[in-house]
Amino acid sequence: MQKPEIRSLLLLTFIAFTPLFAETLFGQQQPFPTLFTNKWCQGKVTDAKGYPTPIEGFAALWKDYRDAKNVKDDNKARVARRFLGYYLDSRQQVGCVADLILRADAKVVSHQLVSSMTAQFVTAVEKQAGSSVASSGTTNAISKNLTSSLLSLANEYGALTSSTSGQTTTVGGTLDQLLIPLERSSNGLISDCAVALIKNATCISSDLLGVLGRVSYSASLDLSQPSTITGSATEQAAGGAQQVTGTQGDNSFSLSQFTAKVLMYAYKPSASDLKAESDAEKFTPAAASKIKELRDLQDAVDEKWEVWQNDAKDALLAADETNIAHVMDVQTQKLIQLLSGAISKSNSEEELVSIALGIAAAEANDATTERTVYDKALWKKPLASFEYDFNTPANQPTNSTFRLIYGQSLNKSKSLKITANGAASIYDSQPSSSIPGASRLRDTQFGAEGDYTIPAVGMLNSSLLSMAYYFQDQTSPAILNVTPSSPLSGISFTGLSSSATQVFTQTGHIHLGQVKLTLGNSSSGFSLPISVTASNRTELVVNNKISIRPQIGISYSFDSLLSK
Amino acid sequence: MSVFAVDNSDPTGTTFVESPAGPAQLIIKSKTGTVIFDQTNTVILDASGKAVAGTSFPTPNQFKFSLTAGKFTLKTSYQCHPPNSTGVLVEDATNGLVFDGILPSTNSQIFTLKA
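As they're listed, the protein sequences go chains A and B.
For the first sequence, this note's numbering gives the first residue as 5, with consecutive numbering after it.
For the second sequence, this note's numbering gives the first residue as 455, with consecutive numbering after it.
Listed next, with one range per pair, are the computed distances between beta-carbon atoms:
#: 1; chain 1: A; residue 1: Ser293; chain 2: B; residue 2: Asp500; range: 22 to 28 Å
#: 2; chain 1: A; residue 1: Val75; chain 2: B; residue 2: Ser510; range: 40 to 46 Å
#: 3; chain 1: B; residue 1: Gln479; chain 2: A; residue 2: Val461; range: 34 to 40 Å
#: 4; chain 1: A; residue 1: Ser419; chain 2: B; residue 2: Thr566; range: 44 to 50 Å
#: 5; chain 1: B; residue 1: Leu551; chain 2: A; residue 2: Leu414; range: 38 to 44 Å
#: 6; chain 1: B; residue 1: Gly524; chain 2: A; residue 2: Tyr269; range: 49 to 55 Å
#: 7; chain 1: B; residue 1: Thr566; chain 2: A; residue 2: Ser293; range: 20 to 26 Å
#: 8; chain 1: A; residue 1: Ala452; chain 2: B; residue 2: Leu551; range: 50 to 56 Å
#: 9; chain 1: A; residue 1: Thr326; chain 2: B; residue 2: Lys525; range: 41 to 47 Å
#: 10; chain 1: B; residue 1: Lys525; chain 2: A; residue 2: Val461; range: 50 to 56 Å
#: 11; chain 1: A; residue 1: Tyr269; chain 2: B; residue 2: Gln479; range: 30 to 36 Å
#: 12; chain 1: B; residue 1: Ser510; chain 2: A; residue 2: Gly494; range: 55 to 61 Å
Hints listed in this document are in silico derivations from the structure and should not be mistaken for laboratory results.
Ideal placement from N, C-alpha and C gives every residue a C-beta, glycine not left out.
In isolation and in its complexed conformation, chain B is listed as follows (with noise of 0.2 Å):
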């Protein structure tokens, strides 16, 4: 079971290591209301920008996907219904590392994950 660290070295606090390298699940834990991905721009792009194939949306706020070794760009685009919806995304797992927070006006999220 791969889980995922922050990575230290990006000053920004916005980049990921999931170690080892493989299946992983993010789950958006809506704090009020209901957060769900927008899932058209909901997207991982790999080093040359293009769409890793085979990710999906098991349920409105979950994302699955399955990373390789090296470094892709996490998209993600979200819907608050209603439009007060609070939310934090979430490493789909005991304990799962905390990505970020989604606030009415976050709309979408890019960070950086290694693998």
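Pulled out of the complex, with its shape left as it was, chain A reads as follows (with noise of 0.2 Å):
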């Protein structure tokens, strides 16, 4: 299927099934029946004790109030009454006042709601950024059939990385970002729970989304194999030339490794850590622009609604339980209208709603990047995890690994940093009974690499210097299948029988260390990693002596020119 009409499709789909699902959650309003009892504008704390806490919730200051009323603690009931007020002030939590309205308007949000999404998800569809898939120098990571066009959309909003070396493109990234093209072109329909104004519209529970934070995976695709043009004549040989008509063929693509980590500690970003994450990110809240709208109406009736204000929390703190939800619907109504009336245009209600639904969009975006900002800081420092890769090798058996990883940082000043693995392979399926030896446990493995930061020597400002140990235990030999008639690249065999279809190593131990200087400047990034390596074999060399490899490199990011 041609991605033109994957495309259409979706769309389709979507504008069919969009007017039906917005009518469903917001025909009716939405009024207040959990006010006491749900988290309207409430914070989660769990620990609040004494006075008042302005991030109780509405419902537990109204319980502060009248708890304190009836103590006659007029100092403590105060501290509630101002707080209770602030959620009714767009300066102060803004978000609040957005809820309240999009609640009362519930049949004005529907419809906005409708043409708004479809705009957006018309733009996320056919937005490819890059150059076409037709060009031979594409920038997109994959483009090409279902699952490429879905991943380059995930790739093009930020939730997916890739990075492609010769002819293997790799993805990765954690298991929440993959949801964040669902977020960006849902204008706040689907969120994270913490920022969903738009009551009963889809949201992710924070706590799941903070485990699949914790999930990463990468995959390698191998994109060497080409397509093929198919072209059949169309009219008759003339004069020795012909007309055809070209197909083309789909691309196709072999996973040559998949890994999945899971992070089993680590210690919780610091607000520096996450500062610098941010900042890295270059994350302002984009919010601002859509809060400055709402709290302009506010400005412009400032007299009337600090009236309105005082009058709600009088009303809404001289109702009780089983009033305090028809109380504040009428205190909503008459905020919409105040509101309303200093919006000069004749759709003042409709307007007053787009500006809130506006917020709540701006908000769930704002949140899908500061999860990709604390996920990315939570991965800097992992202390244990568990990794497990998939990996399909050229002409090798596929086998699994699965490897502990620890790391941690040995001084207070973080220069010092050693990090060990350990890990088990073993081929996916039983290796013929003919090799001697083998078996399903390919291997084991054992590392550990000590890394210094080296301080700071004139312009050479980010410089380490690394030590590494690496020990195999190759205890089922290393594998490889082969066709007499057409050689491995790379490899060649001499004696080989004609018949023969996997050749295999000899088990043994395999030690390597490595000892790595890389001098480098943070400013201009570059970098030049100076190395020596000394082992005893690999898995399919046997030396009869120790050989040493020096190595030496130039990095250069490209990046560092286009920043600041």
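From the two separate chains plus the hints, produce the assembled complex.
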């Protein structure tokens, strides 16, 4: 199926279901049936003691006020009343005020959502950054077939990262990031529950997203299989020439490696870590402009709004649990009338809902970026993680590796860090019995590395000295699948039987040590790694002596040219 | 050492009086997760709407400034990491005055300061 057809199909499906979806959710007014049991504008605070705190939530503050009045604690009652008023003030709790407006004007919300979501989704589906898939120099990670198109969309929204090396493209990210395209294109209708201002819309539990954020994946795809063009003649040959119609075959790719990693334990990122990651992400809350629109309306009717807020506080605090929901409805309608009056357009109420919806969408959008920042900061300092690698190397049996990784800074300045890991690798199927010593357990591995961040010397402010040791017990021979008539790239055999389909090497211990010095400058993105590696053998090549291999490289990040 | 008090003449409860005028510091005390200042959008404006000079952020959750006699507007902006984080904006002092709560949907706040 060609990609445009898929887009059209997605679009038509979306348009067909959206009105039904929105009407179902918002066809009726959403009052406050759960004002005292649910979490209208409530922080997740359970440890509030003594005097009220402003994030206890509306219901808790209302109860605090009444309790204080009962025991004649006027000071405590005054504090509760002040904080309760913040929930009705767009300069203090703009999300709560937007939430009030959206609850009260459910029908208008419904219609506006249908149109805005449709427009947004059209933009999202049609969006494809980079050059077209037809061009040989495309910068899109993957642009083939249905799955690839969706992956590409996810890539454009930052839901995954991708890198390409030769014919291999690697995509990866954390599981929660895969929801970003949905969140970004839904105008707040699908969001983290923490910022879900459109009630009864789909929200995803913050706790669930937190768990998903601790699972990362990485898939390497070999894109070397070329697509073929099939031509068929459409007319008779004339004078040695004939017209044909060409059909582009689907490109194909194969999975060369899949890695899943679960963060078992990590330090909670510090405020400084988060600030640094936020700066790296260039994050600035996008909701500011939408919020200003609502605050401008409040400013325009400032004195009347103050009277309303005072009256609303009195009415709400005088109400009891049986009629508080009704009182809130009445006060909300008055607020909407007041704010709508500051809008000069004839459809002022719809305009007000539009502003509130804009805030809901912008807040949801900001939340996805905040989550990305948190994920990245979290993954920077894993203490312990579990990794599963599914390997499908070319010309070798597939195998799986299970690895435990531990890393920790050893000193307060965090300049000295160690990382250690242990792993076991198995063949995914029982090796041929004709291979002596072959078993499902392919090998066991252990590795340790120490990294020391070298203090800045002149321009060299990002230098690292690393020492690493790696041990592998090759308990089962490494196996290569071969076809004698079609030799493997880079490997040649002599004396191989014409009937051989697999070759294998010797079992034994592999020891490898490496010392690496990386000299670098963080602002320019320049680094010069110099390493010396010594090993007794590899999986395929068995030496009778230690081989020592020096290496030197140059690395330069062109991103540094574009940053300030 | 200056301290803040609620200005009871403001019925909205969002005006705070510093006495005596001088240096002050606000801090975000995170309750769940981590809330930090969005530094590019946190500012103090004088009566003419001009940003007061000399403000700083000693840490990502602290905002330091100094007021002279007069009326000012404090505009704060926050980032919640992860997004369900909550906190309280407090005067950075022993038993410091609580300015307001920060919920995931709060985004930013506006206060009036008098000194």
